[in-house]
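Colleague: Respectively, the protein sequence lines represent chains A and B. Take the first sequence: its position 225, counting from 1, is numbered 225 in this note's numbering, and each next residue is one higher. Take the second sequence: its position 299, counting from 1, is numbered 299 in this note's numbering, and each next residue is one higher.
Just to be clear, a hint being listed does not mean it is correct.
[Said to hold, decoys possible] According to the in silico footprint, chain A covers these stretches of chain B (three or more CB under 8 angstroms from chain A):
#	stretch
1	49-62
2	163-172
3	224-232
[Said to hold, decoys possible] If you want a taste of the chain B side facing chain A, the calculated C-beta under 7 angstroms gives, among others:
#	residue
4	SER39
5	LEU75
6	SER76
7	ASN79
8	THR214
9	SER237
10	ALA240
11	GLU241
12	PHE244
13	ALA245
14	LEU351
[As the list claims (entries may be wrong)] FRET-style restraints, in silico, Cβ to Cβ:
#	chain 1	residue 1	chain 2	residue 2	range
15	B	PHE317	A	LEU129	45 to 55 angstroms
16	A	ILE536	B	GLU59	26 to 36 angstroms
17	A	TRP320	B	GLU348	40 to 50 angstroms
18	B	GLU250	A	LEU527	31 to 41 angstroms
Calculated from the structure, these hints are not laboratory results. Each residue gets a CB set at the ideal place from its N, CA and C atoms; glycine is no exception.
Spelled out, the chains give:
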Amino acid sequence: MRFPHLFGRRYAWLVPVLFLLICFIYPLFTILWVSFNWAGGGMLALLTDATTWYVVGFTLRLASLSVVATLLPALVASFVFARYQFWGREFFLSLSLLPFVMPISVTATAFTALLGERGIITVWLQHALGIELDLAQSFTLLILVHIFYNYPLASRLLTDYWRENGFALEPVARVYGASAWVLWWRIRLPILFPMLASVSLLVFAFSFTSFGTVLLLGGNRHITLEVEIYRQAVGFLNFQDAAWLSCLQLILMGTVFAGYGTLQRAWLSGTRHRPQPLRPSVTLTDNLWLGGVFILWVALLLPLVALIWSSLHLGGEWSWAGYRGLFALERRSVLTEPPIRAMLHSLRFALLTTIGALSLGGVMAYELRRMRSRWAGWLDWLFMMPLATSTVTLGFGFILALDEPPLNLRTSFWMIPIAHTLVALPIVMRTLLTAWRAIPNALYEASRLAGASPLNTFLKLEFPLLRGAIVTAGMLAFAISLGEFGATLFIARSDFQTVPLIIYRLLGQPGGNNYAQAMSLSVLLLLLTAFGWLGIRFLANQDQR
Amino acid sequence: MRKFLWVLTVLFSSGLANGVGAQSLPFEGVTLKVLAHDSFFYTPDVLEQFEAESGMNVEVIRAGDAGLMLNQAILSRENPLADVMFGVDNTLLSRALDAQLFIPYQSPALERVPNEFELDPTFHVTPIDYGDVALNYDVAWFEANDIPVPTTLDQLLDPHYKSLLVVQDPILSSPGLAFMLTTIANYGTQGDYTWLNYWAGLVENDVLVVADWTTAYYTEYSLYGGERPIVVSYATSPIAEVVFAPDPLEIAPSGVIASASSTFRQIEFAGILVNSTQVSAAQAFIDFLLSESFQADMPLNMFVFPTREETPLPEAFTQFGVPVEESASVPYVDIEASRETWLEEWAEVVLRP
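This is chain A alone, in the form it adopts within the complex:
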């Protein structure tokens, strides 16, 4: 069937595609091209080096285990959040994005305070249960940190999707005598499958390109491709190997994305059902589910609590010094302007990123929602590729490529929101597209039979059904921008310091006040995210109690 189309002839997709061409593909190809022209060993030398394959193997192992380890708890949590009404539901949901914005240096400190040699949990396990825990620089620690960072995204996306496409079939299935087992395998998981696949893909991509976590917490035995690219480029100043490794990473991730694309053709037909009202927990099973999720949440929040504790606890005493220094500029830290001003920069960048990623990703998802041509697959694939790209390589690409008018952007204000938009775009598009494709064809047919114009179809049919996904995507973009550090660091930037960068600068100098301010600023970043989330939910009137 023909689908209604807002933009008449289909040229609207040119805008996001042009953005990607100019701000992603062009810089990337420039840096790769320049690097290959330089003297040194080639791809063959790299491919025959055992170290390369060790790194590739490790990266794949880390990424796949991270997906499994993240999805299991996320599935449990989203089941509960999509199904039950309980005290504190909104509060817990609003906390869900917080780990997303935690700067990695701060996360490293928090995890060490909990799980280090003398960490609270380590000591407790030893005293209470006699268990010796040695997680320092271990693979397990990396997986734990990946769960910490990815679980919020996963549970958030799954909860919204489940809530929208939910449990309508279940009463019917129960009438026919379906067991719990059958419910899960034949009804819940199949309904959830498109989003489950999208989420797995995102978590896989994030873990595959994991940089800060592995660099700071992995020690020297654990090296991902992304870290190796950084080591070659910045440590050995070996651009050529760095470029080849970047290509290898692009090829590997590109293959994974392509495989996903092939899979998803099977789900083009919508499976949407009416959202069911949330129900109170009544039975023992209900309460067991709730209890399990509560324990999960406490575990997730522990690093945040450790952070708040260390922001208030200086040299063995309680102190507000860190927070005091944030507002008034005292001669007591290395910063030359009150860090609170960086908060305003960060907010501005976050808003621009949200607008940019939502509009570009929205247009693209709208165009792709029912396209079945080979082009659609390619475009979809292309828009995932920023996730597969090494940030340090791309950062160098910006410097080389965007240096002439009219594209003299490399030290401009716009470079940071552009980079953040590139990071957020794949997630936003994935979220919107998955939700869009869940709208059943029958609804479009009905709308066409009723003589609705494309605009009316969009406003009256698609938009209301997508509102939840749009809010989630927007908030994810907002949070990604607030917490983004890797790509921002690799951009030469004029006087626009973001909060994570200020935290990084504070933690680059010795001294109790610098440390305390870095911790306090991180806490403020968390609060900002939490309030931003609540605010947007309030504005979007998403409270579906």
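Dock chain B against the given chain A, drawing on the hints supplied.
Modeller: The following block gives chain B in isolation, referenced to the frame of chain A:
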């Protein structure tokens, strides 16, 4: 008019009018871009005064740490990101010079800078500040555990000091590289016992290697709740601990192991980037970096020492500073020539034992 000024500056700077700097020249409407690493700190007033006096507008562009910044400068050599670069040090100097990144400029203010700092005889770079990478120790920890503080690098191999030291990966971290060079200067690369034997000994004694200074200092160092009471940092770090203490301190909580040759001197340079379009303004800025006001402002901001002679040091430096009498040194040309080999050898011994 501007052309005339430019000619004038060239004349001055080529030595025809010795003693007259470019400072007094107005640069009305000129925007000068300065590429710097993320640890470039200064008191805003000092820079504002320079801007007011020179008429130029200085825009500081930050580009990560010194290594990252240098990479960006090399990549953008043809169409530079800025006019002046601040913060390339002697461990990276040779790479910058090999890439022909700078145009020469002999600032008149160099007269006040001891010759030992001007490593490049062709004046492509100007020494602005220096400092020493040194082992810091947690004073309270050593008192509480009643263990004498080690005084030499050799002692770190002693089983008494097992599992006490945390260092940074020299491949990724500038102080980490400096500490590796310290061991090279001390133990040499030839003979029966080389620096690699020393590192094998450190590994035996359970040295902890982490990626960067921040992790070493704020996560692993016992002063901030870690497990290791000895950390590779700077000789001035204890001063920063006092200056940035939440409550006033009588003594510094960290000490420095400053015995002969256990420290490594880092000199930071500034240079005018080749292809800059603001050469005369850039020269004036280099002069400003060596001026009394900026030199006196540096210590409390970046915890480095000014290269300009007789610059008064702040009280915190005179009171809490630990004099470093003799630093280890490796000629900067050798560093560039062998860096990659050394790093690979180091990785071979330390990362894959």
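Colleague: If a hint holds in the structure, say so; if it doesn't, say that too.
Modeller: Taking the hints in turn, this is what the structure says about them:
{"no.": "1", "hint": "49-62", "verdict": "holds (count 4)"}
{"no.": "2", "hint": "163-172", "verdict": "holds (count 3)"}
{"no.": "3", "hint": "224-232", "verdict": "holds (count 4)"}
{"no.": "4", "hint": "SER39", "verdict": "6 angstroms, holds"}
{"no.": "5", "hint": "LEU75", "verdict": "6 angstroms, holds"}
{"no.": "6", "hint": "SER76", "verdict": "5 angstroms, holds"}
{"no.": "7", "hint": "ASN79", "verdict": "5 angstroms, holds"}
{"no.": "8", "hint": "THR214", "verdict": "5 angstroms, holds"}
{"no.": "9", "hint": "SER237", "verdict": "4 angstroms, holds"}
{"no.": "10", "hint": "ALA240", "verdict": "4 angstroms, holds"}
{"no.": "11", "hint": "GLU241", "verdict": "6 angstroms, holds"}
{"no.": "12", "hint": "PHE244", "verdict": "3 angstroms, holds"}
{"no.": "13", "hint": "ALA245", "verdict": "5 angstroms, holds"}
{"no.": "14", "hint": "LEU351", "verdict": "4 angstroms, holds"}
{"no.": "15", "hint": "B:PHE317 with A:LEU129: 45 to 55 angstroms", "verdict": "50 angstroms, holds"}
{"no.": "16", "hint": "A:ILE536 with B:GLU59: 26 to 36 angstroms", "verdict": "35 angstroms, holds"}
{"no.": "17", "hint": "A:TRP320 with B:GLU348: 40 to 50 angstroms", "verdict": "49 angstroms, holds"}
{"no.": "18", "hint": "B:GLU250 with A:LEU527: 31 to 41 angstroms", "verdict": "36 angstroms, holds"}
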